[in-house]
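Number of protein chains: 2
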Amino acid sequence: MAYKLALVSVGTIARTQHIPSIEGSDRFELVAAVSRNAQVEGVPTHVTQAAMLAAHPEVEVVSLCMPPAARFDYAAEAIAAGRHVMMEKPPGATVAECFELRRLADAAGVTIFATWHSREAAQVDAARDWLKDRTLTSLRITWKEDVRHWHPGQEWIWQPGGLGVFDPGINALSILTAILPDPVHVEKAVLEFPANKGTPIAARLSFRHPAGAEVSAVFDWRQTGPQTWDIDVETDAGTLGLSKGGAELRIDGALVETAGDAEYPRLYARMADLIDRGESDTDYGPMIHVADAFALGERRVVAAFED
Amino acid sequence: MAYKLALVSVGTIARTQHIPSIEGSDRFELVAAVSRNAQVEGVPTHVTQAAMLAAHPEVEVVSLCMPPAARFDYAAEAIAAGRHVMMEKPPGATVAECFELRRLADAAGVTIFATWHSREAAQVDAARDWLKDRTLTSLRITWKEDVRHWHPGQEWIWQPGGLGVFDPGINALSILTAILPDPVHVEKAVLEFPANKGTPIAARLSFRHPAGAEVSAVFDWRQTGPQTWDIDVETDAGTLGLSKGGAELRIDGALVETAGDAEYPRLYARMADLIDRGESDTDYGPMIHVADAFALGERRVVAAFED
Numbered sequence: 001m002a003y004k005l006a007l008v009s010v011g012t013i014a015r016t017q018h019i020p021s022i023e024g025s026d027r028f029e030l031v032a033a034v035s036r037n038a039q040v041e042g043v044p045t046h047v048t049q050a051a052m053l054a055a056h057p058e059v060e061v062v063s064l065c066m067p068p069a070a071r072f073d074y075a076a077e078a079i080a081a082g083r084h085v086m087m088e089k090p091p092g093a094t095v096a097e098c099f100e101l102r103r104l105a106d107a108a109g110v111t112i113f114a115t116w117h118s119r120e121a122a123q124v125d126a127a128r129d130w131l132k133d134r135t136l137t138s139l140r141i142t143w144k145e146d147v148r149h150w151h152p153g154q155e156w157i158w159q160p161g162g163l164g165v166f167d168p169g170i171n172a173l174s175i176l177t178a179i180l181p182d183p184v185h186v187e188k189a190v191l192e193f194p195a196n197k198g199t200p201i202a203a204r205l206s207f208r209h210p211a212g213a214e215v216s217a218v219f220d221w222r223q224t225g226p227q228t229w230d231i232d233v234e235t236d237a238g239t240l241g242l243s244k245g246g247a248e249l250r251i252d253g254a255l256v257e258t259a260g261d262a263e264y265p266r267l268y269a270r271m272a273d274l275i276d277r278g279e280s281d282t283d284y285g286p287m288i289h290v291a292d293a294f295a296l297g298e299r300r301v302v303a304a305f306e307d
Numbered sequence: 001m002a003y004k005l006a007l008v009s010v011g012t013i014a015r016t017q018h019i020p021s022i023e024g025s026d027r028f029e030l031v032a033a034v035s036r037n038a039q040v041e042g043v044p045t046h047v048t049q050a051a052m053l054a055a056h057p058e059v060e061v062v063s064l065c066m067p068p069a070a071r072f073d074y075a076a077e078a079i080a081a082g083r084h085v086m087m088e089k090p091p092g093a094t095v096a097e098c099f100e101l102r103r104l105a106d107a108a109g110v111t112i113f114a115t116w117h118s119r120e121a122a123q124v125d126a127a128r129d130w131l132k133d134r135t136l137t138s139l140r141i142t143w144k145e146d147v148r149h150w151h152p153g154q155e156w157i158w159q160p161g162g163l164g165v166f167d168p169g170i171n172a173l174s175i176l177t178a179i180l181p182d183p184v185h186v187e188k189a190v191l192e193f194p195a196n197k198g199t200p201i202a203a204r205l206s207f208r209h210p211a212g213a214e215v216s217a218v219f220d221w222r223q224t225g226p227q228t229w230d231i232d233v234e235t236d237a238g239t240l241g242l243s244k245g246g247a248e249l250r251i252d253g254a255l256v257e258t259a260g261d262a263e264y265p266r267l268y269a270r271m272a273d274l275i276d277r278g279e280s281d282t283d284y285g286p287m288i289h290v291a292d293a294f295a296l297g298e299r300r301v302v303a304a305f306e307d
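Order-wise, the sequence lines are chains L and G.
Counted the way full-length UniProt numbering counts, the first sequence spans residues 1 to 307.
Counted the way full-length UniProt numbering counts, the second sequence spans residues 1 to 307.
Treat each hint with caution, since some may be false.
Put simply, identical chains are the same to the list, so a pair is met inside one copy or across any two.
[What the hints assert, rightly or not] Simulated crosslink set (SDA-like; lysine to any residue; CA at most 25 Å straight-line): (1) K197 - D283; (2) K188 - R102; (3) K244 - D230; (4) K188 - E100; (5) K132 - R103; (6) K188 - R300; (7) K132 - D281; (8) K244 - V47; (9) K244 - E279; (10) K188 - E58; (11) K188 - A76; (12) K132 - L104; (13) K244 - G109.
Note that these hints are calculated values from the structure, not bench results.
Using the sequences and the accompanying hints, generate a full structural model.
Next comes the structure, spelled out in structure tokens:
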């Protein structure tokens, strides 16, 4: 029996990733959608989630794809209606609301899954396994992309709360926290705010590592040409390079074979598994690192940016 | 038997609050101190905590009073040496490091207590009890003080990570989260940064309350003349006013009698109780609200401030 699912907020990520993954899964059946403007072929689309929940008592799961600032309201409403909730990243606009959603879900006896799609990239598990028994000396994240290409016209990313370059950067942090055996925390951060924007376009972070390894990250949204989503690791026993956002792995420079990427299908498989077992999965570590970077970061104003 | 305690970092708060509270307690005995410059009358003072820990295996508890950016190192070192740890507020510079300290303390089997002295103000318990069975309609925090008076020459408060006006503001948030029966989270924030400083001198926050009550806070460090540390609450059944940082309580305008303030003696009594019972107390809620306010806050640059 497939779980009956409703997709809420039908934008690019819903169309390119969620809908194909749901259609390709035998654990879920897409039976409704919520969107103010869009329609999803073949299923009834409602303007509000409240209307959808009222019209579709058979919907057991909602999958939330709206920008993070609105996530709490939708998730809280769905939980109150007794539905399981799956959330795109980042899971909210604040750390406090994320913890509150978990508390609400536990109290209601439903599953909540705060997803991190980058953790499901093809080579992340292999990277974690390789690092497990080695001693880290350095780890460097380089996450540079062209915001004009990836977020055309998305004004919310530049509004306070939209997180700016941390919107992609949090993907790197979700991989970092998945592959490192040791806990780290932000020790220093520099955030570059364009003169005309409310969120940073670039950031540099240094982390404290318990054994003193150098752990750092550079995020930049001004990269044109080739895009860079790399994590380079040095250990006492060889080097590891994750590139293409976790899809490609090199050990001591040699490419490791992969079965290919399936980030969102894996997220939906995990969601079905969590519901089966009556469990939830809410690792807010990446979100906490972002809030910490804002709290202790040095703010620099840089050239205005026209997108 | 009193627990043997070492005081680490001997500044104003240590002299005016910690030392008198320890001397007035029959549960603790001050046997050592750590300070680069200062001496504590009658006890050996060491320049580093490492030297103190080595010289004083009898020290069972350390009480940490340094600025938050350095707290993690001291706390981790003391925990690794098997000592119980009591921490001034705020408990650290990042949320992640705070959670990590709790994990380390649990693993080492020692007590960790992240203190919030304002929660021990004379009328906070009474305010919580009064609010418990009432329906909140609004809560307004007004925390305005003169930074030149309270933080003379303390450059760290203006450095990134020093939290700026959130250093006193977090006291208000520690009371808020203690007296409110319902969870709230920051929904909107405006942070005012002086042109020449790395941290905000003023902030306005709005919180989301589950039943829609208006919950807000104003923090300002530019208040000369009378100082204001007020929380004004309206409910379906009367009004409550906490003033003087929680020391004074009015119900429907009428002053409620109090036994008087004993914030730090109460913190030390609680620490002794936690050690007795082999427990820890680390409520990082106030710290999370501060990080959230930085993460989603709108940044405004205001007039340079000379202190």
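Would you list, in rising numerical order, the hints stated earlier that this structure does not obey? 1, 8, 9, 10, 13
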